[in-house]
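S.K.: In the order they appear, the protein sequences are chains A and B.
Sequential numbering of the first sequence, starting at 467, is according to our numbering.
Sequential numbering of the second sequence, starting at 12, is according to our numbering.
Heads up, some of the hints might be wrong.
Stated by the list, open to error - Here chain B is said to cover these stretches of chain A; the calculated rule only asks that three of the stretch's residues, wherever they fall, bring their Cβ under 8 Å from a Cβ of chain B: (1) 472-478; (2) 545-551; (3) 590-596; (4) 736-747.
To be verified - SDA-like cross-link-like pairs, simulated, lysine to any residue; straight-line CA separation at most 20 Å: (5) A:K631 to B:R77; (6) B:K329 to B:S41; (7) B:K75 to B:L310; (8) A:K631 to B:L310; (9) A:K631 to B:K75; (10) A:K631 to A:R585; (11) B:K75 to A:D628; (12) B:K75 to B:Q296; (13) B:K329 to B:E167; (14) A:K631 to B:E73; (15) B:K75 to A:G624; (16) A:K631 to B:E327; (17) A:K631 to B:G76; (18) B:K75 to A:R629.
It should be emphasised that the hints constitute simulated quantities derived from the structure, not laboratory data.
Positions of the beta carbon are idealized from the N, C-alpha and C atoms, including for glycine.
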Amino acid sequence: MSVPPRLPHLAVALDTPDAPGPFDAQHYIRLARLAERGALDFVTLGDTFARPGPDALAVLARVAPHTDHIGLVPTVTTTHTEPFHVATAVQTLDWVSRGRAGWQADVSRTPAEAALFGRRPAAPADALWREAADVADVAGRLWDSWEDDAEIRDAATGRFIDRGKLHYVDFRGTSSTGEPFSVRGPSIVPRPPQGRPVIVVDATEDAARETAAARADIALVRAEDPDTAATARAELRARAEELDRDPDRLRVLASLPVELPAPGDAAGLAELLTDWHTTEAADGFHLRPADPERDLAHLVEGTVPVLRRRGLLRRSYPGATLRDHLGLERPASRYAVRTGEAS
Amino acid sequence: MTTARKQLHLAAHFPGVNNTTVWQDPRSQSQIDFDSFVHLARTAERGLFDFFFLAEGLRLREHKGRIHDLDVVGRPESLTVLNALAAVTERLGLAATVNATFNEPYELARRLATLDHLSDGRAAWNVVTSSDAFTGENFRRGGYLDHADRYTRAAEFVATARELWDSWSEDGTPRPFAHSGQHFDIHGEFTVPRSPQGHPVVIQAGDSPAGRDFAASAADVIFTRHGTLEAGRAFSADVKGRLAAHGRTHDSLKIMPGVTFVLGDTAAEAQEKAHHIRRQQVSPQNALLTAEQIWGVDLSHLDPDGPLPDFDPEPEPKLTQGRTRLGDPQEIAGRWRALSETKGLSLRETVIEATGRQSFIGTPETVAAEMDAFVTAGAADGFILVPHLTPGGLDEFVDRVVPLLQERGAFRTEYEGGTLRSHLGLEQPAARPVWKG
């Protein structure tokens, strides 16, 4: 049986399931540093308007200066938010973390969330995810809207930028309620260190699959067994290919709940991850601890050393950015490519 | 009876996207790298400043239908940078400018309350409004608001945010909220417990009568442009005179003009540096652009070192988008011509002379004395300093002027409290005791 050529990616959720997210920055800093000690690829932090908890992107911006390597992936929802604000906030997280930002796109489903904004009613999942795909699309365009070398500081002509290297995105999309929306651009923020921060989508639900196949760098699949994960991975890769994407640029991680009450459970988890990896169920794992403080400590002290001994996990970070950890190259601006072709 | 020495407040404005910021200087560094923000914020904290202030951009400025390229362009999203700065500072207040036109109260109140939690009570919000469809092209809610609606929306926005901040009980129980007004009709539960300051500090920068009323009703700090003593006293008297009508005390609103400064070892050296900086700020290209803003037509055929245009400005110039209008073009053109003729100045020299002279120019001793006098005379409660260099533009002020202000007894020698409200001497808003639904 062939083993996927890459080492499995490993990420962990910092959420506290079934309890309000704490508002104490130190809590998150401790957890992110633990994950960094394990040389994990990234941490995720969920966000919703439906339950008490802090703004996740703010929390991970607060964590960024206290960490050096770990990727930081907050959820930012797309249903009741402004695409321009979402894009520039994620882009800024990439600047303050020096290239470690990701963004898990999610939707707001309930009438209760709609009532907090009073702008548009709740919509069916399909429409919400189509809108999320549009928001991810325009975010990617805004991140590309400044070419990397747009800032020239040319004293002779008095020009700070070469405005030929800034681009209107003129995006037209459709809101979940069916009305069109548009974003002119360019972004207010220069192109960030990673070019485009990493986009993550939970593709477990059918309605989210197309969005993941079209727009995600990382798709998460909550699966009970390796076969389910492998099937979802195959479907996502096939669909990405149909959409003219290189399927190897879409990483599918199995998202697994973990509970490690005792240190010995950590070795058992290492066995399970090894098995899943050997059956090519996924490109890696996104672990969702029941009790982050307890489980993450056991994971880093127990599971990580076993995986390292087996050659399934690196001992240190080979690069600086989240894209480096994931083996995803830094994309050129789509507008720079077009300019090159034209000339 | 002794009267307590009036203390001044200080804030630091990150050098912005405008021609105050000099980028053609070897010491000028990145306007976007996080290191630049860290340097400036830590310098402000070393100087015991009240807060660090970030402006906002939502659309790149345009001139003659093209993106304006002569000034610093590009900046981060404010709240995200401030959350990161909360990690590298301990006491400094963190103020974000955020537009009330292109946001919704629930989301923004949540982001501000989160910053207040994550910074242990150091958050501030500079409320600005916008009515222009040009900026609105970046937003799906669209752009246009009647000019008159700007402040009604902003006032209702702030009031709604306060309802949300008050919605949790002091002991940490969420209580439902419901707001129904002209601009917002929302209900549900807020996701954030009451934050350390109760309400983040609210800053406002409007100058029209409607803006002043709004500040008197809703703001803790007003960010003004009145940089001279006489204008400052008149403004201060006017705005503080409006407070009583809203049941507020004289001290509950702090007036802080945005000011620039140039320091030298002698008065002459400071003047010379000030002139050098003005020439850097008003490059030949920027001088032409400024004149085009007034005249409303393309002037690229003119020599910036030659005379002003010999024709009158267009009555309604529309060359420039996304920046504040300078004033009545005919009146300004008249003033500039008189200046040019009297002093024999070229177009560029006229622009340098007529626009944006630095507020405080002198030795550290004279600048400290003038600032102190300004505050003692009731023209302001303090200053928002706008340095002209990123990121070192505040270093010399903190090293040389702050100690002199402290010697005069006009500025704190240590932070007394942890929150921005405590630095500013503002009361903590009372929690709403019982939900009356």
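S.K.: The structure should be examined with respect to each hint, and the outcome stated for every one.
M.R.: Tested hints:
no.: 1; hint: 472-478; verdict: violated (count 0)
no.: 2; hint: 545-551; verdict: holds (count 6)
no.: 3; hint: 590-596; verdict: violated (count 0)
no.: 4; hint: 736-747; verdict: violated (count 0)
no.: 5; hint: A:K631 to B:R77; verdict: holds (12 Å)
no.: 6; hint: B:K329 to B:S41; verdict: violated (31 Å)
no.: 7; hint: B:K75 to B:L310; verdict: holds (11 Å)
no.: 8; hint: A:K631 to B:L310; verdict: violated (24 Å)
no.: 9; hint: A:K631 to B:K75; verdict: holds (17 Å)
no.: 10; hint: A:K631 to A:R585; verdict: violated (36 Å)
no.: 11; hint: B:K75 to A:D628; verdict: holds (16 Å)
no.: 12; hint: B:K75 to B:Q296; verdict: holds (14 Å)
no.: 13; hint: B:K329 to B:E167; verdict: violated (31 Å)
no.: 14; hint: A:K631 to B:E73; verdict: holds (15 Å)
no.: 15; hint: B:K75 to A:G624; verdict: holds (17 Å)
no.: 16; hint: A:K631 to B:E327; verdict: violated (31 Å)
no.: 17; hint: A:K631 to B:G76; verdict: holds (16 Å)
no.: 18; hint: B:K75 to A:R629; verdict: holds (13 Å)
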